[in-house]
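Trainee: Fit chain to chain and form the complex, with the hints in mind.
Chain by chain, the residues:
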Amino acid sequence: MSAEPATLLLRLDDLRKRLLVSLIGVGVGFLVCWNFAPAIFSLLERPLTAHLAAGEHLAYTTLTEPFLLYMKVAFLAGIFVAAPLILLQLWLFIAPNLPQKGRMSSVPFIVFASLFFLTGGYFGYAVLLPYTCGFFLQTGRHFSQMITVDEYFSFTSSVILAAGLVFEMPILIFFLARIGIVTPAFLIQKMKYAILLAFIIGAILTPPDIASQVALAVPIILLYVLGIGIAWAFGKKV
Amino acid sequence: MTEAAEATAGVGSSEEPEHELPKMTFLEHLEELRKRLLVSVIALGVGFLVCWNYADRIFTIIEKPLTQFLPPGDKLVYTRLTEPFLLYMKVAFFAGIFVASPIILTQLWLFIAPGLYKRERRYAAPFIIIASLFFLAGGYFGYRFLLPATCGFFIETGRQFRQMIKVEEFFSFASTLILATGLVFETPILIFFLARLGIVTPAFLMQKLKYAVVLAFIISAIITPTPDMVTQSALALPMIGLYLLGIGIAWAFGKKVT
Numbered sequence: 001m002s003a004e005p006a007t008l009l010l011r012l013d014d015l016r017k018r019l020l021v022s023l024i025g026v027g028v029g030f031l032v033c034w035n036f037a038p039a040i041f042s043l044l045e046r047p048l049t050a051h052l053a054a055g056e057h058l059a060y061t062t063l064t065e066p067f068l069l070y071m072k073v074a075f076l077a078g079i080f081v082a083a084p085l086i087l088l089q090l091w092l093f094i095a096p097n098l099p100q101k102g103r104m105s106s107v108p109f110i111v112f113a114s115l116f117f118l119t120g121g122y123f124g125y126a127v128l129l130p131y132t133c134g135f136f137l138q139t140g141r142h143f144s145q146m147i148t149v150d151e152y153f154s155f156t157s158s159v160i161l162a163a164g165l166v167f168e169m170p171i172l173i174f175f176l177a178r179i180g181i182v183t184p185a186f187l188i189q190k191m192k193y194a195i196l197l198a199f200i201i202g203a204i205l206t207p208p209d210i211a212s213q214v215a216l217a218v219p220i221i222l223l224y225v226l227g228i229g230i231a232w233a234f235g236k237k238v
Numbered sequence: 001m002t003e004a005a006e007a008t009a010g011v012g013s014s015e016e017p018e019h020e021l022p023k024m025t026f027l028e029h030l031e032e033l034r035k036r037l038l039v040s041v042i043a044l045g046v047g048f049l050v051c052w053n054y055a056d057r058i059f060t061i062i063e064k065p066l067t068q069f070l071p072p073g074d075k076l077v078y079t080r081l082t083e084p085f086l087l088y089m090k091v092a093f094f095a096g097i098f099v100a101s102p103i104i105l106t107q108l109w110l111f112i113a114p115g116l117y118k119r120e121r122r123y124a125a126p127f128i129i130i131a132s133l134f135f136l137a138g139g140y141f142g143y144r145f146l147l148p149a150t151c152g153f154f155i156e157t158g159r160q161f162r163q164m165i166k167v168e169e170f171f172s173f174a175s176t177l178i179l180a181t182g183l184v185f186e187t188p189i190l191i192f193f194l195a196r197l198g199i200v201t202p203a204f205l206m207q208k209l210k211y212a213v214v215l216a217f218i219i220s221a222i223i224t225p226t227p228d229m230v231t232q233s234a235l236a237l238p239m240i241g242l243y244l245l246g247i248g249i250a251w252a253f254g255k256k257v258t
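So the protein lines, in turn, are chains A and W. Numbered per the working numbering, the first sequence spans residues 1 to 238. Numbered per the working numbering, the second sequence spans residues 1 to 258.
Chain W extracted, bound-state conformation (with noise of 0.2 Å):
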């Protein structure tokens, strides 16, 4: 965080007047570009080796909202032969992404930050702690509530057969929805950044609330694939929550009209 903090003070430090925009050509900010996608590269590559050695204890946990479902014993398979090393890798990867998110966001922040006034710059240090809570407030909900619901949905749905998971098929479901939901419930940073540019209103989001509603029920129907009603409302729900949170951050932090 004083990292973050840091950065944010080099970049307002910087010898422009006050409420001025840094001139920078398209150039300089591919640049810009350039040097953030690196660093981002880096972080990932270096939380990908911190979680390598911790790759079967993670993939433990990941597995457990289906195990639980199992007769005890009874494990998930592989069928190729480099399946459960390869596996890891993924692990080891995707774990990588959540502990390297607070730099990839802060390199997003670092990023955007020039095209924004001095003063909203304050907004540093905020802007990446919350939306890293978000991303791990929706991944939690995922793993926690949607991901048992779909696993004993779907178990249920094969009682007749014989259950032979692979690993890599159950990691590649469980990922995609974790990570879904992590995206899904960074709803009110978007809202709050196209308030702050003056794109959405209070009021636009109120009006536009029942189109809201009908795609939060689409959205959760295409991200959990289960057809069972109960676990597409279990995350429409939160989604349309989001939503209106994210009205209460439009109306508290938008750009005023004046």
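Only chain A is shown next, with the shape it has when bound in the complex (with noise of 0.2 Å):
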């Protein structure tokens, strides 16, 4: 590929090119999970089923349901199977922009990308959920609990996606330090702002108990410390 600028149009072809390869790459993730898809269910449940007593499950209050369920669960864990192919095109899109002398390979990134995700997505699953979990649950004792699938499951996803792209900050300012948009001292600048965000973030997205918003607040922070790392030795040299 040539550093020469690309027209709007070759663009958006491109883009197509790339949408298209990663959507065959869902979709492909998406068969190969489907067999499995009551064992990952089983295991996205545990931080709420935990919680319950023996005997109590998750309910279904439509036919459909649970085999709409297992669909989502196939079609989330395809994503995540399918990740390192949908990195690549995104690598391979936002490449041809980047200075001639900084391209580097496509390894390093797809590669810290998708452990990014990852450790965001289990931080999620193993911190934040059984926490929120145990929250709400305790929050509605005075009930019976009759929590479906397909609410348990939206809830879910929401926390374990939200999570690992979070988590992907640091490689967001790893791009952004290339292109010159950020500088190590601009991150500096604006610390206090990044800190008041984290713990913004972490009300929102956490039930409302500082305990749970702090377990979230911290590892943004310390995110947001490492974007800077990266920045400073990544980063556009002025």
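Derived from the structure by calculation, the hints contain no laboratory data. Ideal Cβ positions, reconstructed from N, Cα and C, are used throughout, including at glycine. Be aware that one or more of the hints could be misleading.
Stated by the list, open to error - Beyond 10 Å from chain W on every Cβ pair, some chain A residues (computed): (1) R16; (2) I40; (3) L48; (4) P66; (5) L92; (6) F116; (7) S144; (8) A211.
To be verified - The calculated label-pair distances, taken between Cβ atoms and stated as ranges, are: (9) A:W34 <-> W:S233: 21 to 29 Å; (10) A:A203 <-> W:P126: 39 to 47 Å; (11) A:A185 <-> W:V46: 24 to 32 Å.
Said to hold, decoys possible - Examples of chain A residues lying across from chain W (beta carbon under 8 Å, computed): (12) W34; (13) Q145; (14) M146.
Mentor: Below is the structure:
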């Protein structure tokens, strides 16, 4: 690929191709995961069922709900399985815009982006979910628990995906620093806003008690600091 | 109440001659509205915070008209993890409206008061007390009589199925009913104002009584979600009674034709 600026139409054509390959990747991932959907969901429901009495199950209130649930589970798991391919496509789309001199191999990007996303997702699953499930079940102790699989899955998947995306922040800072939009000095200067924002995000994504808010805000701030280091090491030199 | 009286005195004592309306520009009115809204919102926020600690106990009271029809041990259910938490938020907000209602009504009065003559402003305290009382009486009426009747009707209708009513659904049902009856009970206050302004007279109200009766039945058919006549009449009859009370009020306090 040459460094000469591509026209808008060429970029759109490229985007179309990248999206198509990503979609095919997700489709294959979906088919692979379909057989394992019940096993995957029993892993996902563990943070909730750990708090329930033995013999208590999640509920479904429409006939097709479990089937559609497994479709969604297979789809979400498919995204994770196809993640390296999707990230490669993203890289191929972004890379031509980076300065010729600073261009680097796609391998570190894919490895690190996948690693951060998986770490974030795992953090959401292992730390945030048990916390939030315990809190909300405790709040509802006066009523019969009859949480539907559909509602629980949409709750769980949004927590896991949100945590995964939040953990991609160093990657985002890497690109912004590479292009020259942010510099380490700028990031350090805006540190106080970043800390405030981290606590706001922590307040929105977790139940309204301070412990869980801090549990999310602290990793976000650490990732931001890591981002400063990355910007310093890999940023565009002035 | 002292606060209200002071505020009214404050409005009355601004240097303006007797029997003359204070002159305010349109922008001043907007500014005034902004201030009144702000105070109301703050009062509501404080009411919310006060009620937040009691939300579960308040909901126990609200659900009683339903749970009395259920076999012992049968509870309401929730199907979303966050549902009980959001329910308690709503309950605290709902109870906060009731707690803050005297202040909100005071603000409403203070906004209207500059448009009235000085002697008319003497009604501030009675207006706030009576409006609050009517609203509370209406809410209590809805809770005590309408809610058990409708709950009984619907539980009876669903006897062939398994009861699994969601807390959120029940709360929105109960709160609509209670707020609606509270508002309906404000009819005499509305008539009082209309009569004061000379828009309605006792004779006019008497003449339109037949329409009021029809309207009362239509409104109560809409508010009470049951299609049975008993619940409908249980709301419509008090509404007609309130309309008659309104005629009495219009006769006693209305603008005299000279």
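Trainee: Hint by hint, which ones does this structure get wrong, listed from lowest number up?
Mentor: 3, 7, 9, 11, 12
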